[in-house]
Amino acid sequence: MLKVITCFKWVIDEADVKVDASSRRLILDRVGYKISLYDRNAIEEAALLQEKHGASIVAVTVAPPTAKQCLKDALSRGADKACFVNDPSLVDLEPTQTAALLAAAIKGQGDFDLILCGEGSSDLYTQQVGPILAEKLGIPCGTYVNKLTVIEGEKRVIAERKLDDCVEIVSIQLPALVTVLPDINTPRIPTLKQVLAAGKKPVDNITLDKLESPSEPGLETTSILGATMERRRLKFGAEAENIRAAVGALLKEGVIT
Amino acid sequence: MHLELTEEQQLVRASVREFCEKYIEPLADAVDQEPCFPSENVKRLAEQDWLGIPYPEEYGGAGADYLTHIIAVEELSRACAATGSIVEANASLVGFPLFKFGTEEQRKKYLTPLCKGEMLGAFAWTEAGAATVAYGATTAVSEGNEYVLNGAKTFVLYAPVAGVFIVFAATDKSKGTEGLSAFIVPADTPGIKAGEQVKKMGLRGALTSELVLKDCRIPKENLLGQEGQGFTIATTTLDGCRIGIAAQALGIAEAALEESVRYSKERVQFDKPICTFQAIQWMLANMAIEVEVSRYLTYHAAWCYDQGLPYSKEAAMAKLMASQTAVRQTDTAVQIHGGIGTVKGQKVERLYRDAKITQIYEGTPDVMRMTIADSLLQ
Numbered sequence: 112m113l114k115v116i117t118c119f120k121w122v123i124d125e126a127d128v129k130v131d132a133s134s135r136r137l138i139l140d141r142v143g144y145k146i147s148l149y150d151r152n153a154i155e156e157a158a159l160l161q162e163k164h165g166a167s168i169v170a171v172t173v174a175p176p177t178a179k180q181c182l183k184d185a186l187s188r189g190a191d192k193a194c195f196v197n198d199p200s201l202v203d204l205e206p207t208q209t210a211a212l213l214a215a216a217i218k219g220q221g222d223f224d225l226i227l228c229g230e231g232s233s234d235l236y237t238q239q240v241g242p243i244l245a246e247k248l249g250i251p252c253g254t255y256v257n258k259l260t261v262i263e264g265e266k267r268v269i270a271e272r273k274l275d276d277c278v279e280i281v282s283i284q285l286p287a288l289v290t291v292l293p294d295i296n297t298p299r300i301p302t303l304k305q306v307l308a309a310g311k312k313p314v315d316n317i318t319l320d321k322l323e324s325p326s327e328p329g330l331e332t333t334s335i336l337g338a339t340m341e342r343r344r345l346k347f348g349a350e351a352e353n354i355r356a357a358v359g360a361l362l363k364e365g366v367i368t
Numbered sequence: 200m201h202l203e204l205t206e207e208q209q210l211v212r213a214s215v216r217e218f219c220e221k222y223i224e225p226l227a228d229a230v231d232q233e234p235c236f237p238s239e240n241v242k243r244l245a246e247q248d249w250l251g252i253p254y255p256e257e258y259g260g261a262g263a264d265y266l267t268h269i270i271a272v273e274e275l276s277r278a279c280a281a282t283g284s285i286v287e288a289n290a291s292l293v294g295f296p297l298f299k300f301g302t303e304e305q306r307k308k309y310l311t312p313l314c315k316g317e318m319l320g321a322f323a324w325t326e327a328g329a330a331t332v333a334y335g336a337t338t339a340v341s342e343g344n345e346y347v348l349n350g351a352k353t354f355v356l357y358a359p360v361a362g363v364f365i366v367f368a369a370t371d372k373s374k375g376t377e378g379l380s381a382f383i384v385p386a387d388t389p390g391i392k393a394g395e396q397v398k399k400m401g402l403r404g405a406l407t408s409e410l411v412l413k414d415c416r417i418p419k420e421n422l423l424g425q426e427g428q429g430f431t432i433a434t435t436t437l438d439g440c441r442i443g444i445a446a447q448a449l450g451i452a453e454a455a456l457e458e459s460v461r462y463s464k465e466r467v468q469f470d471k472p473i474c475t476f477q478a479i480q481w482m483l484a485n486m487a488i489e490v491e492v493s494r495y496l497t498y499h500a501a502w503c504y505d506q507g508l509p510y511s512k513e514a515a516m517a518k519l520m521a522s523q524t525a526v527r528q529t530d531t532a533v534q535i536h537g538g539i540g541t542v543k544g545q546k547v548e549r550l551y552r553d554a555k556i557t558q559i560y561e562g563t564p565d566v567m568r569m570t571i572a573d574s575l576l577q
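Those sequence lines, one after another, are chains A and B.
In terms of the numbering used here, the first sequence opens at residue 112 and continues consecutively.
In terms of the numbering used here, the second sequence opens at residue 200 and continues consecutively.
The following block holds chain B by itself, in its conformation from the complex:
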């Protein structure tokens, strides 16, 4: 049994860590507080070949494995969760459906610029009345050589800066999820517009807005996969993304643990550093255990993915555990810091807010449990 990363994976971890110290950490507070989109760093991420890690070089990717992508997302999220989510969303949420379901032409035209960082993508799935199952409000009607899209999507991550959208819309409303289809919609298509930005609690640099489609006409060739395949495309994509969200949560939890260890050694109360008190030591020990468990589940899910094994259950377990850990342990980290932990500019304050969304997007803990239970009861 091998529980060791390859030399390449270890080198990537070291290089991402160095990159974070140099470029990501210094900006992380501004990215969160303003909030702003770190576009200079996105260019640098592209130069490092980290925007399309698991895709072949012929599509501008690096041709590495998914675990390498996961390690990069983990390390970036450790420094700035919003930046980690750029790499994760671009490669998994948008890159994956293009690679897996796209035609050769679609891959060349859209996946390549995503991997090279020439543009970012956004995944327009959620609708105001439905999240896990999105169908109804957005429709696509076939007219000659075109589809005409109408409707509105909400919580579209990176909609304000995206160059291309994967939009899910009903081509046959009567069929429910079976009537959903996926479309590639370039951001400069007339009739598609990012709405007002959502003011979020955490992951604030990951700009999010609604997306409005009004008589948005796209050529038939922009259908991704087949008509009616939209739900399968979305669920397959989200399965893999969950490993990426687990990596984000893992990075956040690791940062919370590091900050807590550091602070508890510095902070003196009753004439001793607070790390000498067992109450604090138990908190740190519990944090470390949960971080380690999350890491193994996350890496194992990515390993299954790389081996071509089934990974839905593993991804759900990893996401559930890592996101619960991130939420619980950023809370503990703020507790260890005391009052100062609630002050803006303190890393743990940001981590505490960034953690929550990992429990929600790409599926809540209950949805993860449904997936796990389905797999047990099949």
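If we strip away everything but chain A, and leave its shape as in the complex, we get:
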């Protein structure tokens, strides 16, 4: 039976982020959280492999203990077990820190065949955690995957990588890590029975004392400000003189030079 690990991130629901009009500061005190969108595709892909080939699925995340709710969410989407690396200090981690913690936690889970990650997270979208994690585990990595086929009995997968100018089809020896794009599948909406069953599934709570402390951050965030778009509310008709007026307005605003 295929042993699949999916990694996911619990992120702020961007729909809830508000921007203070004068300071452009992000107002986060009433935000909700969700499983990062592409990570949902990764979990769904694992669930589909489970249906097709039979597979065990462990969903792994690194987060502060307050994110506990993410476990039932992931478990309701098909994972058999959750692995929760948690500590109050695990907020705003850099990709290298997250990948190191994931690698340590995954090593503790024993053998595996396939690790599935989202291509990037809904909040930062650095696209780094997957490849760094593969490197730390010393396994091959396929990114930008929008179709994945497991070749039974051969311990390999065929992955279609959607690149800017072409689709590349690669064969990857397992164990391997694959990062998926959103068009690989449509994540299912958990049924009520799946939601209720999630609470009965096992969770490995991994606190930092069982792992190495994460490395020091290499970046310093000086500020995060909301991008604002001020509308000028100018209207132009389609006649020649209006086009001149439109061009004039664009020049004046510095949009064109």
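Just so you know, not all the hints are guaranteed correct.
Stretch by stretch, here's where chain A covers chain B in the computed footprint (C-beta under 8 Å, at least three residues) [stated by the list, open to error]:
#1 236 to 250
#2 259 to 269
#3 565 to 573
Rather than coming from a laboratory, the hints here were simulated on the basis of the structure.
Yeah, the Cβ is synthetic: ideal placement off N, Cα and C, and Gly gets one too.
With chain A held as given, fit chain B onto it using these hints.
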């Protein structure tokens, strides 16, 4: 004191919301305007285990609490009140009396397919001459191993699509409400027929018609509860349903508030979005307060129900407040939208029409006040 939903309840809310964006919202206008019954979505609702949320798994339910059902109805009604009412009516109006008063055999035979979405049920209570107290025109006469039902019911929600009816009929006319009994009547029984559909102002996708019973013979085993227990069955059922109607009204009011906030930020008058004017801000603030009050009353009533505490008064308060809020605040929402708010295809126009029935069915505000006052004066 805990005022937080459980993780499961929060997940259900998120999943219903996602489901609504994907399947319910895109159809809501057609469901209202044609009107049509969203049968594809009913299948999907069944697949999600949302048609029999509070009933045990052995009867095809999900085995969750009533508050979870209430949250699902609220979220569905926020997108499409007619779809919300399918879940509410099926589970509360028909599922509840079968579960509470049905024999093991009746539960297995009728509650299970209702929970699994294999058929929907309808509650045939109201008669042309009486609503809150229905007795007289529909009769059931015992003949050997059968009852023979005759009469007519009106405003039977989902009668045109129902697979089974709970029909209330007088087994002893001389006893008034004490002479009422409840019967389970499958829709394919000879002698039962859904009449012409009622053309309604709102909740139009919740197809409604009269129900005609003409020498409709059903076996004795289809009596629900005891002879003469019909009125108790109906009032007990309606008590719980009121929490569900409160949830429908709450969903409608929430949608009205959301649409109003969104539109008032977009709509520019006098060179400013109209949300910058205090007149609009006060309207929005009042809407938000009433929605919040309705939500707490509704959840509290459902919580009482789940705890096995008395809930008649709480349900009546929740229904009264939430339905008044829905009617008042959909009106405000149309006002904030101005002329465009009266145009077909605008969500607030639909909400305005959908809201009204929540003040009427399963008991008017005055009936709610009677229930509340009874409880105070006992």
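Hints, verified against the model:
no.: 1; hint: 236 to 250; in the structure: holds (count 4)
no.: 2; hint: 259 to 269; in the structure: holds (count 4)
no.: 3; hint: 565 to 573; in the structure: violated (count 0)
The structure does not agree with numbered hint 3 stated previously, though it agrees with all others.
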